[in-house]
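Visitor: One letter stands for each residue in the lines below.
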Amino acid sequence: MASARILAVDDSPTILAMLEEILVSAGYEVLTAEDGAEALESARNGKPDLILLDVMLPKLDGYRVCRLLKFDQKYKAIPIIMLTAKAEEQSMATGLRTGADQYLTKPVEPERLLEAVADELAKAEG
Amino acid sequence: MSGHEARLEHDLTAEQGERFREYIHEHSGIHLDDGRTDALRISLMTRATRFCHESLDHYYELLVADEAEFRELMNLITINETSFFRFPAQFDALRTFVVPEILDTRSPALGSFRTWSAGCSTGEEPYSIAMTLLDAGIDSLGHHAEVLGTDVSTHALERAKAGIYTPRSLLNVPHEIVTRYFEPTATGHRVTDPVRDVVDFRYQNLIKEPYPSALMGNWDVIFCRNVTIYFRIESTRRVVESLFERLNPGGYLFIGHSETLTGISDRFETVEVGGVFLHRKPTAAVRVSVPERPQSARAVAAAGAPQFPARAVEPGAPASEPSGAAAHLRAAQALADNGDFDAALERVTEAVRIDPALAAARYVLGLIHLRAGRTDDAVAEFGRTVGIDDDFVLAHLNLGNIHRARGEHAHACREYEAALRALERSPDGAWSEFLGGFDPEVLVMTCRRSLDHCSSMRERG
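For the protein sequence lines, the chains are A and B, in the order given. Going by the working numbering, the final residue of the first sequence carries number 178, and the count climbs one at a time with no gaps. Going by the working numbering, the final residue of the second sequence carries number 1805, and the count climbs one at a time with no gaps.
Honestly, the hints are just simulated from the structure, not real lab data. Please read these numbers as outputs of a predicted model, since none were measured by experiment. Warning: the hint list may mix true and false statements.
[Stated by the list, open to error] Think about it this way: if two alpha-carbon atoms lie no more than 20 angstroms apart in a straight line, the pair counts; the simulated SDA-like pairs of lysine to any residue are:
{"#": "1", "chain 1": "A", "residue 1": "K122", "chain 2": "B", "residue 2": "D1401"}
{"#": "2", "chain 1": "A", "residue 1": "K111", "chain 2": "B", "residue 2": "D1783"}
{"#": "3", "chain 1": "A", "residue 1": "K158", "chain 2": "B", "residue 2": "Y1404"}
{"#": "4", "chain 1": "A", "residue 1": "K175", "chain 2": "A", "residue 2": "K111"}
{"#": "5", "chain 1": "A", "residue 1": "K126", "chain 2": "A", "residue 2": "P110"}
{"#": "6", "chain 1": "A", "residue 1": "K122", "chain 2": "B", "residue 2": "A1678"}
{"#": "7", "chain 1": "A", "residue 1": "K126", "chain 2": "B", "residue 2": "A1678"}
{"#": "8", "chain 1": "A", "residue 1": "K122", "chain 2": "B", "residue 2": "D1783"}
{"#": "9", "chain 1": "A", "residue 1": "K122", "chain 2": "B", "residue 2": "Y1404"}
{"#": "10", "chain 1": "A", "residue 1": "K122", "chain 2": "B", "residue 2": "E1405"}
{"#": "11", "chain 1": "A", "residue 1": "K126", "chain 2": "B", "residue 2": "T1606"}
{"#": "12", "chain 1": "A", "residue 1": "K111", "chain 2": "B", "residue 2": "R1715"}
{"#": "13", "chain 1": "A", "residue 1": "K126", "chain 2": "A", "residue 2": "A176"}
{"#": "14", "chain 1": "A", "residue 1": "K158", "chain 2": "B", "residue 2": "G1781"}
{"#": "15", "chain 1": "A", "residue 1": "K111", "chain 2": "B", "residue 2": "L1689"}
{"#": "16", "chain 1": "A", "residue 1": "K126", "chain 2": "B", "residue 2": "R1715"}
{"#": "17", "chain 1": "A", "residue 1": "K111", "chain 2": "B", "residue 2": "V1786"}
{"#": "18", "chain 1": "A", "residue 1": "K111", "chain 2": "B", "residue 2": "I1577"}
{"#": "19", "chain 1": "A", "residue 1": "K158", "chain 2": "B", "residue 2": "V1786"}
{"#": "20", "chain 1": "A", "residue 1": "K126", "chain 2": "B", "residue 2": "R1394"}
{"#": "21", "chain 1": "A", "residue 1": "K99", "chain 2": "A", "residue 2": "K158"}
{"#": "22", "chain 1": "A", "residue 1": "K126", "chain 2": "B", "residue 2": "V1408"}
{"#": "23", "chain 1": "A", "residue 1": "K111", "chain 2": "B", "residue 2": "P1528"}
{"#": "24", "chain 1": "A", "residue 1": "K128", "chain 2": "B", "residue 2": "Y1404"}
{"#": "25", "chain 1": "A", "residue 1": "K126", "chain 2": "B", "residue 2": "L1406"}
{"#": "26", "chain 1": "B", "residue 1": "K1505", "chain 2": "B", "residue 2": "H1533"}
{"#": "27", "chain 1": "A", "residue 1": "K158", "chain 2": "B", "residue 2": "D1783"}
{"#": "28", "chain 1": "A", "residue 1": "K126", "chain 2": "A", "residue 2": "L173"}
{"#": "29", "chain 1": "A", "residue 1": "K99", "chain 2": "B", "residue 2": "E1398"}
{"#": "30", "chain 1": "A", "residue 1": "K122", "chain 2": "B", "residue 2": "A1412"}
{"#": "31", "chain 1": "A", "residue 1": "K158", "chain 2": "B", "residue 2": "A1678"}
{"#": "32", "chain 1": "A", "residue 1": "K122", "chain 2": "B", "residue 2": "F1414"}
{"#": "33", "chain 1": "A", "residue 1": "K128", "chain 2": "B", "residue 2": "L1406"}
{"#": "34", "chain 1": "A", "residue 1": "K122", "chain 2": "B", "residue 2": "R1718"}
{"#": "35", "chain 1": "A", "residue 1": "K122", "chain 2": "B", "residue 2": "G1781"}
{"#": "36", "chain 1": "A", "residue 1": "K122", "chain 2": "B", "residue 2": "E1416"}
{"#": "37", "chain 1": "A", "residue 1": "K111", "chain 2": "B", "residue 2": "E1445"}
[Claimed, not checked] Ranges between beta-carbon positions, derived for each pair:
{"#": "38", "chain 1": "A", "residue 1": "E81", "chain 2": "B", "residue 2": "A1754", "range": "21 to 29 angstroms"}
{"#": "39", "chain 1": "B", "residue 1": "E1803", "chain 2": "A", "residue 2": "S55", "range": "23 to 31 angstroms"}
{"#": "40", "chain 1": "A", "residue 1": "Q154", "chain 2": "B", "residue 2": "P1511", "range": "38 to 46 angstroms"}
Each residue gets a CB set at the ideal place from its N, CA and C atoms; glycine is no exception.
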């Protein structure tokens, strides 16, 4: 599913540019957003097949963006991979029942990232 | 529920209203009577529309699932709402448990029993606290009560200081309290002098530190109820941490009936009194009356020394030296990570003032400008960054991206080329700490792809 459309969300333009680079090089189409409100807007209007979502975001944090999408019938099927800064954030995210499909700790190796993306897309397909 | 869905985009049915009211009552203790149906309807519509929910039933599901959303909704419904003895069980716990426990262990000579009502709005809460303390017999035990109310609304504070309330706002106050602590005047019921003598008011924004010295510490009880719902979780953590530092050991934090400290702070002990959960600052950490070894920083902090966690300058780093600039820069980055860009801007500006040649500070300043949409200022700061350190790859990259977005492809190409050259020259320069752990090789690929794109655009143009 190399033509899938991925929404990448991070508030650092540099990190976002690199995420985009990794995904585009692997053949994905990429949408980007730099804050939670923009992410929500893009998730609803951009029809992404998967969302890569950073936790620390201005306006609405990643947990809330994730919950708002996962509790919305229209969008809950979109796989969400959360990018957290520390492992402890993952357990907190799980505790908060964000409903994300997968959590990755930053810094993440490009190979690991692409593997997770491919896995989630395959699950969503199947 | 599907029968309502098409229409419910625009209105709240009686059945739905009842369901929301019940849920709100169960989870906040607030009963929304018929007179407040409009407030409920408007708040529901505002939140549901914001998140594009098709129906209020659908929004109800979100509300049940998402505690944060529940708080947002309550925030709207209860804007400026306050009443005397709101959540009476908390005042009962204060009178019957907290006051006796604290007074039990200390002599009147140690000063007043100090209570801070943070976010006191029009004064109902601090006056209720004062009445409760007087009822607990503090005076007769030889202690003096001191209550401070703070708020960010000067308008609310004026009304609080006046201390005159309409009969409607006293509806839930027992008659016996009204006769004891209020006196009728031409404009309403005025709080009597013995209560007013105990209470003081001042302006304070909870998330703006440093706090004035009057708020620094030695509080026995802090009420900060339903205030934190206004803040993002990161700010809430900072506020709660700050309140913890300002409490006496053994002191109590009262938060809202429906609020929790889970995920916010694990430093308090939870105590249940008559169905009310209270949060006590442990005493064990400060039993150091005869210290045999130096106290830990944490113990000193717990003893009431002022600390400003989110804005801490590195210990031992004088603010007037370059190392002070580095500390300000780190604080700015932490604040920016938490989304507090105004405070971050303040700190990084200070860093630049102390050390104008700190390239990383210039770069962060550029990022903050960029985030705020001040692109020209961002260009200027990134320009200064590379003026100080031409190998600051990320400043070149950001300049390239800005020029590219403006359609200035030749300019953009020059910056991407400069970024690639800098990457070759110093692959682990000062800029690399901003890479988020990614391999610089990914950055090389990013710059190359951007350069290719801009080159082809330039040729076409």
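Visitor: Would you mind marking each hint as holding or not holding in the structure?
Guide: How the hints compare with the structure:
{"no.": "1", "hint": "A:K122 with B:D1401", "in the structure": "16 angstroms, holds"}
{"no.": "2", "hint": "A:K111 with B:D1783", "in the structure": "29 angstroms, violated"}
{"no.": "3", "hint": "A:K158 with B:Y1404", "in the structure": "35 angstroms, violated"}
{"no.": "4", "hint": "A:K175 with A:K111", "in the structure": "31 angstroms, violated"}
{"no.": "5", "hint": "A:K126 with A:P110", "in the structure": "24 angstroms, violated"}
{"no.": "6", "hint": "A:K122 with B:A1678", "in the structure": "29 angstroms, violated"}
{"no.": "7", "hint": "A:K126 with B:A1678", "in the structure": "35 angstroms, violated"}
{"no.": "8", "hint": "A:K122 with B:D1783", "in the structure": "32 angstroms, violated"}
{"no.": "9", "hint": "A:K122 with B:Y1404", "in the structure": "14 angstroms, holds"}
{"no.": "10", "hint": "A:K122 with B:E1405", "in the structure": "11 angstroms, holds"}
{"no.": "11", "hint": "A:K126 with B:T1606", "in the structure": "30 angstroms, violated"}
{"no.": "12", "hint": "A:K111 with B:R1715", "in the structure": "12 angstroms, holds"}
{"no.": "13", "hint": "A:K126 with A:A176", "in the structure": "15 angstroms, holds"}
{"no.": "14", "hint": "A:K158 with B:G1781", "in the structure": "7 angstroms, holds"}
{"no.": "15", "hint": "A:K111 with B:L1689", "in the structure": "17 angstroms, holds"}
{"no.": "16", "hint": "A:K126 with B:R1715", "in the structure": "30 angstroms, violated"}
{"no.": "17", "hint": "A:K111 with B:V1786", "in the structure": "28 angstroms, violated"}
{"no.": "18", "hint": "A:K111 with B:I1577", "in the structure": "12 angstroms, holds"}
{"no.": "19", "hint": "A:K158 with B:V1786", "in the structure": "15 angstroms, holds"}
{"no.": "20", "hint": "A:K126 with B:R1394", "in the structure": "15 angstroms, holds"}
{"no.": "21", "hint": "A:K99 with A:K158", "in the structure": "26 angstroms, violated"}
{"no.": "22", "hint": "A:K126 with B:V1408", "in the structure": "18 angstroms, holds"}
{"no.": "23", "hint": "A:K111 with B:P1528", "in the structure": "47 angstroms, violated"}
{"no.": "24", "hint": "A:K128 with B:Y1404", "in the structure": "16 angstroms, holds"}
{"no.": "25", "hint": "A:K126 with B:L1406", "in the structure": "13 angstroms, holds"}
{"no.": "26", "hint": "B:K1505 with B:H1533", "in the structure": "13 angstroms, holds"}
{"no.": "27", "hint": "A:K158 with B:D1783", "in the structure": "12 angstroms, holds"}
{"no.": "28", "hint": "A:K126 with A:L173", "in the structure": "17 angstroms, holds"}
{"no.": "29", "hint": "A:K99 with B:E1398", "in the structure": "18 angstroms, holds"}
{"no.": "30", "hint": "A:K122 with B:A1412", "in the structure": "14 angstroms, holds"}
{"no.": "31", "hint": "A:K158 with B:A1678", "in the structure": "16 angstroms, holds"}
{"no.": "32", "hint": "A:K122 with B:F1414", "in the structure": "16 angstroms, holds"}
{"no.": "33", "hint": "A:K128 with B:L1406", "in the structure": "12 angstroms, holds"}
{"no.": "34", "hint": "A:K122 with B:R1718", "in the structure": "34 angstroms, violated"}
{"no.": "35", "hint": "A:K122 with B:G1781", "in the structure": "29 angstroms, violated"}
{"no.": "36", "hint": "A:K122 with B:E1416", "in the structure": "18 angstroms, holds"}
{"no.": "37", "hint": "A:K111 with B:E1445", "in the structure": "42 angstroms, violated"}
{"no.": "38", "hint": "A:E81 with B:A1754: 21 to 29 angstroms", "in the structure": "28 angstroms, holds"}
{"no.": "39", "hint": "B:E1803 with A:S55: 23 to 31 angstroms", "in the structure": "27 angstroms, holds"}
{"no.": "40", "hint": "A:Q154 with B:P1511: 38 to 46 angstroms", "in the structure": "58 angstroms, violated"}
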